[in-house]
Structure formats: C-alpha cells, structure tokens
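Sequences listed follow chains P and S, in order. So for the first sequence, the numbering used here puts the first residue at 6; every next one is plus one. So for the second sequence, the numbering used here puts the first residue at 6; every next one is plus one.
Honestly, the hints are just simulated from the structure, not real lab data. Among these hints, one or two may not hold up.
No copy labels: a pair is met if it fits in one copy or bridges any two.
[Stated by the list, open to error] The calculated lysine-lysine pairs, modelled on DSS-like cross-linking and capped at a C-alpha distance of 30 Å, are:
{"no.": "1", "residue 1": "Lys-455", "residue 2": "Lys-68"}
{"no.": "2", "residue 1": "Lys-479", "residue 2": "Lys-58"}
{"no.": "3", "residue 1": "Lys-477", "residue 2": "Lys-68"}
{"no.": "4", "residue 1": "Lys-500", "residue 2": "Lys-477"}
{"no.": "5", "residue 1": "Lys-18", "residue 2": "Lys-479"}
{"no.": "6", "residue 1": "Lys-219", "residue 2": "Lys-500"}
{"no.": "7", "residue 1": "Lys-236", "residue 2": "Lys-63"}
{"no.": "8", "residue 1": "Lys-68", "residue 2": "Lys-479"}
{"no.": "9", "residue 1": "Lys-479", "residue 2": "Lys-411"}
Residues per chain are reported as follows:
Number of protein chains: 2
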Amino acid sequence: MSERIANDKLRGKVMSPEGAAQFVNAGDKVGISGFTGAGYPKALPTAIAERAKAAHDKGDDFKIDLFTGASTAPDCDGVLAEANAINFRTPYQSDPSMRNSINAAQMKYADIHLSHSGMYMQQGFFGQLDVAIVEAVRITEEGHIIPSSAVGNNVEYLDAAQRIIIEVNSWQSEHLEGMHDIWRMPQLPNRIPVPITSPGQRIGSPWIDIDLDKVVAVVETNSPDRNAPFKPADEVSQKIASNFLDFLEGEVAAGRLSYDGYIMQSGVGNVPNAVMAGLLDSKFENIQAYTEVIQDGMVDLIDAGKMTVASATAFSLSPEYAERMNDQAEKYRDSIILRPQQISNHPEVIRRVGLIATNGMIEADIYGNINSTNVSGTRMMNGIGGSGDFTRNGYISSFISPSVAKDGAISAIVPFASHIDHTEHDVMVVITEYGYADLRGLTPRDRAKKMIAIAHPDYRPLLEEYYERANKGKFLHTPHDLPTAFSFHTNLADKGSMKG
Amino acid sequence: MSERIANDKLRGKVMSPEGAAQFVNAGDKVGISGFTGAGYPKALPTAIAERAKAAHDKGDDFKIDLFTGASTAPDCDGVLAEANAINFRTPYQSDPSMRNSINAAQMKYADIHLSHSGMYMQQGFFGQLDVAIVEAVRITEEGHIIPSSAVGNNVEYLDAAQRIIIEVNSWQSEHLEGMHDIWRMPQLPNRIPVPITSPGQRIGSPWIDIDLDKVVAVVETNSPDRNAPFKPADEVSQKIASNFLDFLEGEVAAGRLSYDGYIMQSGVGNVPNAVMAGLLDSKFENIQAYTEVIQDGMVDLIDAGKMTVASATAFSLSPEYAERMNDQAEKYRDSIILRPQQISNHPEVIRRVGLIATNGMIEADIYGNINSTNVSGTRMMNGIGGSGDFTRNGYISSFISPSVAKDGAISAIVPFASHIDHTEHDVMVVITEYGYADLRGLTPRDRAKKMIAIAHPDYRPLLEEYYERANKGKFLHTPHDLPTAFSFHTNLADKGSMKG
C-alpha cells in the first residue's frame, strides 16, 4: 500500500475502484474534484459507468447527478456520458460526448458561474449531496487531504457530502504539497471579508480537514491528468495578442495602468497563450495573475522572471508543461497558489485586486453584449465558466476572438447576440485581429461604430446595412430591427454562411 | 445668511444661482448629487439651463456632460433636457423629457451599474470632472459637508472635481445630520475589504471632508425634493406580494431562511410597497434592509417594530412620508443609515450580508433572462440602476411584475427577451400574480415550464406554441426558433398587441 496514505484509519478503507463504486447509488448526488482536466478522480468514474451499464443491461435505472469544479476529461465526464449514467450535471463541462447528450436533451445541464457553484451547494440550493469523490496527492497522518492539481469545489463537496471517497494518485507530485491555500468562508449569517488584498497572499492551510467518519473508501491510482497540447500561435492569434498589448500600452499612456501594475486574468486557449507570449517581450514587469487556471504561458512568464506570482484553482497545462510541473513542483510552489474556486473567482477579491479580465467568446453584438455559451442561441458549447466572475468585477474586462470562424462562414460580430452571457453593462473592451473596441462610457450608438470597425471586412457592410435599417425605427437609443436581428444566424442555418 | 453655513471661508463664497452658474462652462463634465428624486441640487440646474438657452439663442453651443447618483427631478434633469443643455448623461434617469431626448438620439446616455458609476470616475474612465454640484443640509465650522436626503456619488464627484459648488437647502431637516455614514475605499492598488458585516454597521463619518480651496460658490435654497405619491396597492399587486411571501415561507420551510433572518433589498414602486405592506402582517421579525432607497413601506416596518435597521443611499418617499421624515429625522436616524452608493450597492457587502434581492422588470423570457431597460429592445425606459448589483450578488435574486401590461397587449413573459440586462446565470426567482417560478439549479428546459406557468393565461398557449416550434430544432439544450423569437414584439409593433 502506498506510503502516501499516512493515516491509519484511512489505510483500513483502501479498496478497489469497483468496491468503492458500491457506495455510489442510483439517484445519488455526487460531487467530485476536477477543474479543466486537472485533479479529477481517475478510477471511480469508470467504475460507476460500469455499474450503470450493468444496471441498464438488466433494465434498471442508474443515473447520478454530477457536480464538479469545472470540466474534467474523457475518462471522467466522457465515460459517464457514454454510459448514459448522468441525469443532471453542473457547473461546467467541455466533453464532446457530454455536449452531444446535453444538446440532444438527454442530459440535464445547469450552466452556473464557477464562483457560485460551491456556494449554492452550501446554501442548500441543490439539496443534500450524497457522495464526494476527491483526488489527493497524499493523506496526512491526521487524515487531512492534500489536494492534487486542482482544488475546485473540493472543500464544499467534502463538507456537504454524507459519504467521502478519496483517490490517492501517485502520478501527481508529492511536492504539490504546500502549493494549496485552503480557506473556508463562514456560512451565513456569519460571513466575513475574504482577507486577501493581493494575489500572492496565503490565508489558509495547505490541506483540507475532513470528517474521517464520513470516509467510506480510499482508492489508489497512478494516472495522468488530461493535458492537451496547445497549437502554436497562428498569424491571427498573434495579431490579436498584439492588439491586446496595444490596448495595455494605451492604458499606461493614459495613466490608468503602470508597467509594474498589471494583474492578469486569462481564459484558456491558444489566443490567450499568444497574449502571454507577447508579454514576454513587453515592457510589463512583475506581472501577477489572479485567475482560475495556470497555463503554459504563465509558467513561461514565471521562468522569465516577468511574473512574480500566479493564483488560481487548477492547472491547465500541455503534457510537456505538466511533466515539468510534476518534476519541479517544489520550485514552482513559491510562485503558484491553488485556492478553492470560490476564492480564486470571488467577486470581492477580483474587484479588490483590480485585475484585467481577458476571456474568449462565441460572438459579440454591435452593442457589446457577449455570447459565451450557445452557438446560434441553441447549441451549448461548454458553459460560462468563470468568465462572468471576472468580467463583472474586473478593473477592466476584455474579450478576445478571431473576427471569423469556419473559413469566414461565421462572424464573431453580429447584429444581436443569439444568447447573452455578459451584458453591455459589463463588457468594456472587445479585441479581434482588426483592432480593439474600447466601449467604456460609450452609448450604444457609439459602441456600434467601434464594434463594426473590428469586424472582418467581409462583414462590415452587412453590419452597417443592419445598423442603417435599425435606424429607421422609432426609438434610436439602441436601434434594432427585430425582424432581421438574427438574420446572420438564420443565413448560417439556411445557407451555410452568415453572409447569406 | 443662513446659520447652516458655519465655515467662515465658505460664507464668503455665498452667491446667487446665476452667479454660481458662471462657473459651469459649455463642454464641462459636471457631477451632481441626487438619487431617485432626493438630494439633487435645486437651483443650479435651472440656472445652467438658462445659460444654455441664452447661448443657444445667440447661436452658440452650450452643452454639458452630466453625472449623477441616479434619477433626479423635473427641476433638474427635466429643465436641462428641455433646454437641450446635455450632451452626455450617466448612470440612470427617469425623466420624461430626458427619456424622449435619449430615444430620439438627441442626447447620449450610458446606462451603467450604480455601484460602478462613481468607481469609473475614480478610475479615470470618464476623463477629468470639471465641476461638482452637491446639495447639503449644513456646512460645518470646519467646512465639512453634511449631505441631504441622498449621498449617491457625492464623495467621488467632490474628490474628482476641479471646482465645487454647494447648495445648502434649508428645506431639508438639520436632524439628518448623523444619519449618513461616509467611508472612502482607498484607490487601486491599495483597496481593502469594506469593513461591513451587517446592514446596521457604521464605518465612517457623518460628514464629507472636502478641499475647501476647490469651492467656487455656495448657494442657499429652500426647496422640497421631488417626492411622488404611491398608488394604493391594487388586486394584482396584492397577489404578487402574497406570492412573494409564499416564496419566503417556502424558504423557511426548507431551512434556507429563518423568520428572524430576512435581509431585504427592494426596487422602487407600487408592487414593492405592497410586498412591504404584506410583511407587516407576516411572521417575519427583525427584518433588516440593505438596499439603495428608503421607501414608505420601510418606514412603516420600522414604525411597527418589524424592521430594525435600513441601510441605503437615499430616500424615495411620498410627500406625506417625506414630511414625516423631515419632522422626525432625529428619531429615525437610529434605524436608518445613508451611505455612498458605491457602498450601499457594493457587490462585496451584498454577497456578504446575504440579502434577498427583489426588483421590477420590463419582461423575462422563458429561460429566465431579464429585460430591465429597453421596451421592445429599443426604447430606453430608465436604466438598469442597482438591479444588477443586487441580482448578481444577492443570496437570492427575485424579479416581480404583473403578468401583462397595457390592458393585456403586452406580456411580461416572452419567448426571447428583446434586451438582456440580467442573464439566466443570475436570475433565481420570477414572480407574477399567477405564482412564482423558482429557477434555481434548473436547466433551460425545466425553467421554460415554470416560466410559462406564471404567464398570463391568455399568453400561455402562445408561449407553448413557441416552445414546441423551438423543440423541432436540432439543438435542444436551449431550444429556440430564431426566425420567430421576437414574434411577440413584432406583433406588438404591427398589430398593437403581442397576441397578434
């Protein structure tokens, strides 16, 4: 048995995944670790999926409600979705099989702000949690859990669950110990300020204390996280990154930012990684990150001495960088902090530290409303994730996207966003390869001009036509022509291109 | 000269409104006091409007950019709009003349969260403020300002402005002194937690300290606030109030609320007042309010011993109640606190105290997205006000509205909201006279069933028809039929009724 299980009582609970899965019953509400492919349980999901398939083969029902930190992996969300083992899922996912089930209305999915998801569990909005399944690097002598490569909603689920299953994964570096900062907000009506005033501050313990009597099983694993490689930055990504840096330089010139004061939040993806690569050669120094995931680009910035500290709730690294993190966790834990997602994404702290939020999008409309979730208003991609937490409360909020997708058939700028996740009241800057639209303090009419200017040239005349038609209406504060507001989307559906 | 001006230096600055208006130039950015018809300057707006009219008569330009706390009154927003004296206006208004100018695109209007408006000024997003014009109850010997019936963005504008004009209004009770709680958040990068953990806590001073060298004029006035009477609650309002109380009772039954733990936020209007009247006869005790305006119903709750404390940034009272407040301010200042709107509406404090947010709306769609601002997507009514501050961060967020307007020609529940100010991610409960839709933790499909059930019976079949048509699409997570998504609104435009 692994020396990583140092507590005697819990050593007595070690069993096979199949044995542990017997504690997960049909109809259970199950809260698991896992955030963007890091730190999810590696063995139980498959074992639960097998139980479900066996039950289904006998004609019995077997579905669970699954609560996570965020997205997981094919060997977690994927196997459970394929086994048709999930009734309800929240707060975020990005798995292809799961997405198909959701869009076929075969699985219920509630798309919730990541900072709210654990809190809703605490507040009783989801009912009683039955089981928590959490991956750990190690169990201490006292029975405390050292989380692995993600903290997510572990604390909330471990506190709320009636039964606990722990997976101890020896693939994860033991030197992650000391990187986590676990702090619990007292429950209503006793909430207090989160005592963080700068991204690098530690306020809690490096472990999670749990009720040992609730632990029904401990399972040993040795499996890697789901780490996907990033594509090298293409020309469009590099132009977007360059426009983003121009915007930052403009803020410095205007006296609203200093080269020594940039606090970064960044969504995941190739464009954000291009932005971080651009920062390597920029004048910005002592960059800090208060964000939800640590990406390759942040590791590079730390290595180059450009970033002093990165606070997040999880890793989202390429296989190469994940290996490096595992080898050198002892070094990186001086400059990386992993917190519960309720804290990494807490509106209070986000507003206080004054970060610049940068997230991707599906589309924006000419008035600056953003769709982050549903393609053409109906097809769920992943979910809102933490984009709302950071957009709403950041010092400056920005969205970055190529101006077109699918070889030009889809414009990222449309007359009316077909789903709205971030409203005109919250969106400050939108950036494409054609420039940036700084919408701060502007009226809808003035926003439209700026937004059309950063659309792809092929779409600018179509957007201008729409705006002119909208201006023939009676009310001109937010001009719209509702009968043709979704014409880009109906063109796409009918003719295969938003151009019609 | 009034004894209310106790500072010698400022006594030397007393002059006529016309004299003071000479310090306001064409093109100036002007920040004024005033929030929901309380505490706005009474003399300068008319004097500025007269200057503008005189300039216009000579063929000269004369417009200012006007920043307030929120809405003001006919003798402020009204006279300035009628004189065509405003170029740009933010963050909220409700004046009929101003609304017409905005919707005719003759005046620029930026609709901004009330908690963000003063902060944007501090952060330099609006450029340099030229003049602050602030109503006071009194100027102390040291030259501190005792604000009147609203605090609003006074602190931010007084700090930012190059020139200050003070109106000392002897209509306002001197006993308001002691009711205000003025606290400044240190500027980035030195922000700290707001040290409020319960609604009744005082953290600052009862006065605003200013740079006396910036004061260019002091004007004496004796004019009432704009206080509008409330209509007595009609049958529909009473049913909505009763459904809201049923919801609260359900939360108590579920263990998520106690009769001794209700913290109220309430938008302004007749339905909220009916809710407060309902609370008078309820089992709820020791109610607290952490809200933006003090309304008649809260005064009744305080008088009845049902409410222990109300924290807000301004009054919004009927003439009768305003008179009572002026007569008995000394008594009420034990249980009423007026704060800067950045604090009354601060996301951090709202989330911490755990309030239940209750606001009106123009329309909601079947998935729970809310339109608070633009009728049929294009006609600006007032603005988002503080509804986003409270909805996003409240323990529970709720919206209340009659199910129909204009004798049934307009449904408050529509297939697709024609403007979205609050997204599905933030909206928890929607209440009409037909019941409440508790949307917490539900998927879009399950939300649609609940929302259609609280629509007016005349509109339920039309909404069901839409939902069935939407379900013929390919993607069923958020079913929509985009070509007919705005059919209710186009029916209204073409045929005078959403029924078509």
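Now the hints, each set against the structure:
1. For a Cα distance limit of 30 Å, the shortest separation of Lys-455 from Lys-68 across copies, 24 Å, qualifies, whereas the shortest one inside one copy, 49 Å, does not.
2. Taking the shortest alpha-carbon separations for Lys-479 and Lys-58, only the inter-copy value of 27 Å comes in at or below 30 Å, while the best intra-copy value is 59 Å.
3. Proximity of Lys-477 to Lys-68 under the C-alpha cut-off of 30 Å is restricted to the inter-copy arrangement: shortest distance 26 Å between copies versus 53 Å within a copy.
4. Both within a single protomer and between protomers do Lys-500 and Lys-477 lie at most 30 Å apart by alpha-carbon distance, with minima of 27 Å and 19 Å respectively.
5. In this assembly of identical chains, Lys-18 and Lys-479 lie within 30 Å of each other by CA distance neither inside one copy nor across copies; the values are 71 Å within and 47 Å between.
6. Proximity of Lys-219 to Lys-500 under the C-alpha cut-off of 30 Å is found in neither arrangement, the shortest distances being 57 Å within a copy and 63 Å between copies.
7. For a Cα distance limit of 30 Å, the shortest separation of Lys-236 from Lys-63 qualifies neither inside one copy, at 45 Å, nor across copies, at 64 Å.
8. Taking identical chains as interchangeable, the C-alpha atoms of Lys-68 and Lys-479 lie at most 30 Å apart only when they sit on different chains, with a minimum of 25 Å there against 53 Å within one chain.
9. Only between protomers do Lys-479 and Lys-411 lie at most 30 Å apart by alpha-carbon distance; the minimum there is 19 Å, versus 36 Å within a single protomer.
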